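Heads up: the protein sequence lines correspond to chains A, B and C, in order. If you're matching positions, the first sequence starts at 1 in the working numbering and goes up one per residue. If you're matching positions, the second sequence starts at 1001 in the working numbering and goes up one per residue. If you're matching positions, the third sequence starts at 2001 in the working numbering and goes up one per residue.
Everything labelled a hint here was simulated from the structure, so no lab data went into it. As the structure is a computational prediction, the values presented were derived from the model and not from experiment. Take the hints with a grain of salt, since some may be wrong.
Derived DSSO-like pairs (lysine-lysine); straight-line CA-CA distance at most 27 angstroms [claimed, not checked]:
#	chain 1	residue 1	chain 2	residue 2
1	C	K2029	A	K432
2	A	K399	C	K2169
3	B	K1180	A	K432
Computed beta-carbon distance windows for the label pairs [what the hints assert, rightly or not]:
#	chain 1	residue 1	chain 2	residue 2	range
4	A	A394	C	P2100	24 to 32 angstroms
5	A	P152	C	K2038	41 to 49 angstroms
6	B	V1013	A	L24	31 to 39 angstroms
7	A	A394	B	H1252	49 to 57 angstroms
8	C	K2029	B	K1061	34 to 42 angstroms
Idealized CB from N, CA, C, for every residue including glycine.
The residues making up each chain are set out below.
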Amino acid sequence: MLRELFRFKGGVKLPANKTQSTGLPIAVAPLPSRLAVPLHQSIGGKPRPVVQAGDRVRKGQLIGEADGWISAAVHAPTSGAVAEVAMHVQPHPSGLDALCVVIEPDGRDEWIERTPVDYRTLTLEELRARLQQAGVVGLGGAVFPTHGKLTPAKTVPMDELVINGAECEPYITCDDLLMRERAEEVVRGAGIFRDLLQPKKVLIGIEDNKPEAAAAMRAAVDALGEPFSVVVVPTLYPAGGAKQLIRVLTGKEVPASKRSTDLGVQCFNVATAYTAWRAIAHGEPVVSRIVTVTGNVQAPRNYEVLLGTPMNELLGLANPHPDTGGIIMGGPMMGFLVPDPRAPVTKATNCLIAHDERLFPPKPPEMPCIRCGACAEACPHELQPFEMYWFARAKNFGKTQEYHIFDCIECGCCSFVCPSRIPLVQYFRFAKSEIWAREREKNAADGAKARFEFKQQREEREKAEKAEKLARAAAAQAAKKAAEAAAAAAAPDHAPDHAPDHAPDHAPASAAAAAAPPPVAVDAEKAAKMATIQAAIERAKAQREAARPKNTEALSADQQRAVAEIEQRRAVLEPVLTDAAAAAGESPGKAE
Amino acid sequence: MMLAPAPFLLKEVSVRRVMTQVCIALLPGIAAYTWLIGPAILVQLVIASLTALLAEAVMLKVRGKPLPLFLADGSALVTAWLIALVFPPLAPWWLVALGAVFAIVVAKHLYGGLGQNPFNPAMIAFAVCIVAFPALMSQWPSVGLQLATADQINVILGLAPRVDALSGATPLDALKTALKLGEGEVDVAQLLANQDIFGNFAGRGWEWVAAGYLLGGLWLWRRRIITWHVPVAFAAGLTAISGALWLYNPAHFASPLFHMFSGGAMLGAFFIATDPVSGCTTPRGKLIFGAGAGVIAYVIRVFGGYPDGVAFAILLMNLGAPLIDLLCQPPIFGMKDKA
Amino acid sequence: MEIVLAIAIMALGAVVLGAALGFASVKFKVEGNPLVEKIEGILPQTQCGQCGYPGCRPYAEAIAQGDEINKCPPGGMEGVQKLADLLGREVKALDAEEKPKQVAVIDENTCIGCTLCIQACPVDAIVGAAKQMHTIVAGLCTGCELCLPPCPVECIRMEAVGENLDNWKWKYPIVEIKATPPSARDAATAGSAGIKEAA
């Protein structure tokens, strides 16, 4: 059907390099030797582990429960034993570690008791909760917990639901094959989203370099009788970006400062729709995803991979050529070189590209910016990348925000076209992470200041209260003494010669007496406290003594002789060892 | 392992390619120049290029930059060619060399090198030389005086005396002088009818040079090295003000066609005002920059002291370029209704 | 005559301007010293007292009075630079050594529940009560080290906050190239970006 398509400014035409991996259907990857499933695989709260080393788990069993609303659960990808819950290297540009549940598969791949349900019998809240518990997140790369995106805005009606099958980045074909082979389940998943959001239209956007996928999706939509529109969009990078696809299909432009639901539109990836359907209709939590393995390999294709599979093992299935220099996770425009190839496949891994200098020649050196403006023409968000570059380079972060640096989606179009070969996206990433770090520090500092001031206030208040209490106690004592003196004066046989002496002293004495008991009481308290502390110090000292080796004094004669022998030997070897150390620059202790 | 960042794909472009294409685009104009005015221009191009590259090499060395990378980027060459093209073709060799050295050393490297100059270096060189050596910079070859190549070279190298017959005037200069002398009683149209000086419509010989620049400029636009904004705005600005005054009093003011094809207007519109480093980069900013340069060039030509005002016009607009850019930031994706 | 007129006009001008200034100084008077607020905004709010003042606000006030700006180790050289930029003063090296960001950690085996550290902590980052286990909330600890001396059993130690996925930042993409021998030059290329020939 004819539909008006909009255009977005900027974007670049890239060589697709997709046909390499579309020749073969999706293959199920074999069980790897070990699975290291990261707990934190989505944006938002970190799931807490609910298993520990030694537990037996079945496929789909909950191993990490969601923490808060914006968080998604994590499940065991296969049956086996939990080897450990430990820090493991992550597929992140930093190469840092995070907590993972390491599972040793038992080969049986046994599922848990799956509970498929007809989602139409659930309330909307129950449906969202199910999706969260099944770990459904955005599989286009942003890994945002899907249930958090399934609430329409209160004041703005939902006009369009966009299903993103564009997949604009070169080399990646996982969505393409998913649509070709499992179109019906994608459409059914889209149906769940449609029922949760109640949009007026459902638009499925597919780039025109995927005619088979478009045909398959159209057939599925027709077969299921859904009123969805499968729209073919022109191939242009980055038409697959959520905001760009929304613009192309609906004409609406969503800036970074707004949510797309505020403009009445929401966008989900086709793989997300697929996993949502599997989670609800088949009771299968998210335990695997389709990954394209391509690049410098002999047999590029798409695999259905269990989460937690080490990337080097997955790459091995495609027979990488020996001169492969690394693994890129993601596409060539937005992906990154994985620092440690043992990192596990996560929900965000859509593609692994074997890096090679023929396919991706090393970059020429960076030249100064000549303000040619090619980057501004290429930017799909119509930003001024060279201005952001100048300010990010000068570390003038306020100005970078004035030039809307947080609207940058880091698509890489600007770096692609820059004649001076400036890695513009790196500067923007640097600026963004600096700004976030400063904000965190500022919040922490503000919090510390607030607590400090509160503490000052509290201490002053306590002081005031104590003084008041003392004053009242003193007054009470004075009153009591005065009453006693009055009673004593009234009764003449109560040491009358004392009465005249005491009377004048009474006022100050009573005050002193009143003052005396509280200090005495405090002293007693303090003395008791000091005594306990002293006892504790003794105990701690004793503990430390216990920890120290006791046998270094009062050695027996035999022991002393043995020690002397060893000392002799060491004296002989000492000069030899020090010479060797000087020559090799290594400490002699290293030789093992 | 060195962790190179994304993107791992890069377009086949480089600074050198851009500069090379600019030089290629200048060739039609240079060809017309050589054919119709004389081959002296070729000598000037060589002198300017050599001096500029030498100056660049020295400055790069002094600043501690890698020589092969920066010398080969072609930016010094473009500056040198522009200097050679705006200076009189029979100017003494040391004047051209001085201009080139000043442009590279002061106007470019002392401000920070490639990409950091706030003013167009070629125009700075022109401005400095015309103010310091006004007589020498006004000695243009008399049109029709076809000196032999050897003589031309001798004049440049200072080996032959600078004969008075040499100091003709450009069409613009001739017009200005005639208007001054005529004290308002001369008819511009009548003046311009003198084909010996003024050719068909803008100066005998010179109009073809301008046409050559136009051709080169259009090629640059097709190759997407420049955008349409600056040349169109420059032409529009120049045409608007010259057209308005010409319609008002055709006896006193020359036609827009004359103005557009004479002097440095065409060269300025396509090659000098489009310099990305010293000009504006936002689309609206480019329009304002180009129009402003065109208008100021005309004002200097007609009401000012110099026969051609393109150089000063461009320098004046360079002053305002950062502010214009700041005020003309286009609205970004998603914020257009707010703007 | 003219000179008298000239003097009169100048005097009139001076009177008018003086009156305007006086009016402005009364009408637009700002309470307090806003500079102190700005300085305090730059200080890291650790409240550790290493500068010699009991807290960051007193130090901010002292700086506004003219005290040195290089007394705050938790703010680091970056803080000194920011203060120098704000006040137009010279950047000096820090008085004390700059330590990386640290948080205090209580060894729970040794803690006796005496609450002395809770009283010492200026930002209430320690949770606990008498005879109950004390613990330091790492997210609230500013690393001021004021809890270490009062502890009678010395069960508190400082731990450097390392890089983790939550606080990891992209590095500045420019790697400065100094004149290094070829072998060291290869090592210098490691980083999160390519080499930039800084122009």
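- Output the numbers, in ascending order, of every earlier hint that fails for this structure. Hint check: 1, 3, 8 fail, others pass.
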